[in-house]
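Listed below, chain by chain, are the residues.
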Amino acid sequence: MAFKLNPQLSTGAAIFSYCTDPSQIEGLAWLSCYLSTGKHMALYWSVLTVLALLAVTGPAALAFGFGGASAARSRVAPLRWFGKTYIALVRGVPDIAFFLFFVIALDQGIEYLRHKALCPDWDQPIRQGNDFIVCQAAKMPLGNSPQWVHETYGFALAVLTFAIVFGAFAANVLYGAMRAVPREQLETAEAYGMNHRQIFRRVLVPQMWVYALPGLGNLWMVLIKATPLLFLLGVEDIVYWARELGGSKTPRFTDYPHPDWRIWYFLALLVFYLIFTRISELVIARLMRRLTLGQATTAGEAQRKAA
Amino acid sequence: MSCIQTIQDYALRSIGIGERLLPREDFTLCEQFTLIGSGMIWNIYFGTVALLLGFFFATALALGKASARAFLRKPSEWFIFIFRGSPLFIQFFFGYFLFLSLKSNYAFFDPFTAAWLGAVIVLFCNTSAYSAEIFYGALQSIPKGDVEAADAYGLSGWSRFRRVIWPTMLRLAWPSYTNEAIFLFHATTLVFVSSFPAWQQRGDALYYAKYFADKTFNPFIPYPILAGFFIILTLIVISLFGLANRRLNRHLPAERPQKIRLLPNLLR
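Residue numbers (the numbering used here), protein chains in the order written: chain A, 13 to 319; chain B, 56 to 323.
These aren't lab readings, by the way, just hints derived from the structure by calculation.
There are no misleading hints in this set.
Facing chain A, from chain B, some residues (calculated, C-beta under 10 Å): (1) 136; (2) 144; (3) 145; (4) 146; (5) 148; (6) 150; (7) 152; (8) 156; (9) 237; (10) 238; (11) 244; (12) 249; (13) 272; (14) 273.
Listed next, the in silico DSSO-like pairs over lysine-lysine satisfying Cα-Cα at most 30 Å (straight line): (15) 51(A) / 158(B); (16) 199(B) / 317(A); (17) 199(B) / 129(B); (18) 261(A) / 51(A); (19) 151(A) / 270(B).
Every value quoted in this text rests on a predicted model; they were computed, and no experiment measured them.
Note that CB positions come from ideal geometry on N, CA and C, so glycine has one too.
The whole structure should be built from the sequences, with the hints applied where relevant.
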């Protein structure tokens with residue numbers, strides 16, 4: 013795998029002036045110095061990685077889901093089979109297997125395509141026993157490209173993997189939502205002389221979101237809880253840093269020696285995720301209240317009566 | 056080496072019976088099938104134990120959450136919130152390091168850092184919380200008439216719970232509970248990729264699939280094998296739960312059978 017990352021972070025850069033000699037201070041001052049070392053800064057940055065992943069994956073998964081759901085409803089049989097298989101496969105197979113599979117498969121797929129395009133006169137087989145060999149120019153990213161390209165490539169692969177897996181879940185939700193739109197609406201549109209594409213675009217899609225929202229909200233929570241799996245994809249995320257920083261440190265290698273603190277780091281991660289999911293839960297509940305307002309559903313009716 | 060020989064050597068490799076060394080090169084399809092299948096023993100073990108024990112705890116938690124008394128309700132609510140609100144992946148890490156630090160102080164916790172006990176405890180807590188939420192929802196939607204009828208028959212307390220409330224709760228919760236069971240089995244693959252060490256390379260199906268994928272740098276064989284095994288396992292779980300579902304609904308009129316509708320509960 014091409015993206016083993018190693019940002020050479022300076023450990024000496026101190027934020028507070030009293031941090032110059034950590035062995036002389038203790039208590040809260042020591043802790044404030046400890047928590048502001050360069051490596052801890054990397055930990056805080058990795059939180060942003062998680063948020064960035066969520067921000068990119070959410071819409072991407074929705075797009076994949078929309079494609080999958082539309083394909084599953086298609087009148088063209090092979091497209092329909094493809095859509096249904098895509099949705100069904102993720103149900104039967106653990107997602108971790110998908111994550112581990114796609115990250116290598118995508119990497120090799122991209123390199124294979126580039127190999128075919130860039131080195132047409134290469135006559136040796138690509139798979140030689142246990143090796144996967146493509147020509148130098150087809151390597152992705154190129155062997156001589158800078159560190160940030162490797163990191164970005166790794167992150168992009170992770171995003172694509174997440175989008176494919178969660179796209180299938182989203183497709184399931186959207187497929188259900190499309191079927192929940194009352195048939196009469198579509199029949200009315202037909203009676204107005206719209207063709208299939210027009211019905212899909214003008215009637216089905218605008219109405220389906222109300223039915224899809226609870227499922228999508230649920231999916232969002234699941235997506236949040238799946239972000240630590242970034243660690244498995246080789247990205248230096250919060251799990252990586254928590255393991256790295258929590259392990260016991262001896263005075264020889266660091267100014268801040270401490271015993272094995274990994275349990276506290278993971279407790280902090282646990283609390284972080286609890287707060288994050290709780291906030292999302294509240295926001296989604298609020299959004300739902302907003303959207304059901306005035307809708308001809310049970311919840312909307314209950315709101316009307318309460319008012 | 057013939058395939059029969061491979062099966063004899065590796066079919067029980069994941070629990071330490073058979074050939075000590077894993078194959079190192081020239082992996083045959085037979086070896087991959089056998090070893091990954093051997094790893095399924097762990098997945099089935101984790102899933103079954105956590106599910107069976109979790110079932111009872113989940114019932115207790117659901118009753119606690121539905122209770123009017125705050126000293127029962129609050130702890131149940133918090134337990135469910137903590138285990139449903141955080142990623143299982145982090146729970147595994149946290150559980151493992153918790154047991155590790157307990158072990159350094161008390162020798163009693165020695166076995167807890169091994170997957171067979173420690174991971175089962177984490178999975179047990181996790182599935183209990185998810186199932187409890189399902190059961191709680193079912194408790195809330197028990198028809199009022201059923202409980203009133205039980206009262207009219209003079210049933211109360213334990214016998215009312217045992218004969219009326221509990222069966223109805225299970226009947227209503229069963230479709231979602233089936234999903235929970237399926238995704239619990241899927242979640243068992245996280246055990247060895249998170250924190251728990253696979254002692255003497257005795258790992259689960261994903262551990263061996265990853266082993267082959269890393270060695271051959273070819274994900275297109277071991278992962279589809281793993282997927283196949285899990286689809287079979289999922290089908291078995293669905294049919295077993297379907298049998299239980301039939302029994303739970305046996306008194307209902309036959310023309311509208313309660314079909315299990317499988318909705319994705321997804322990963323936790």
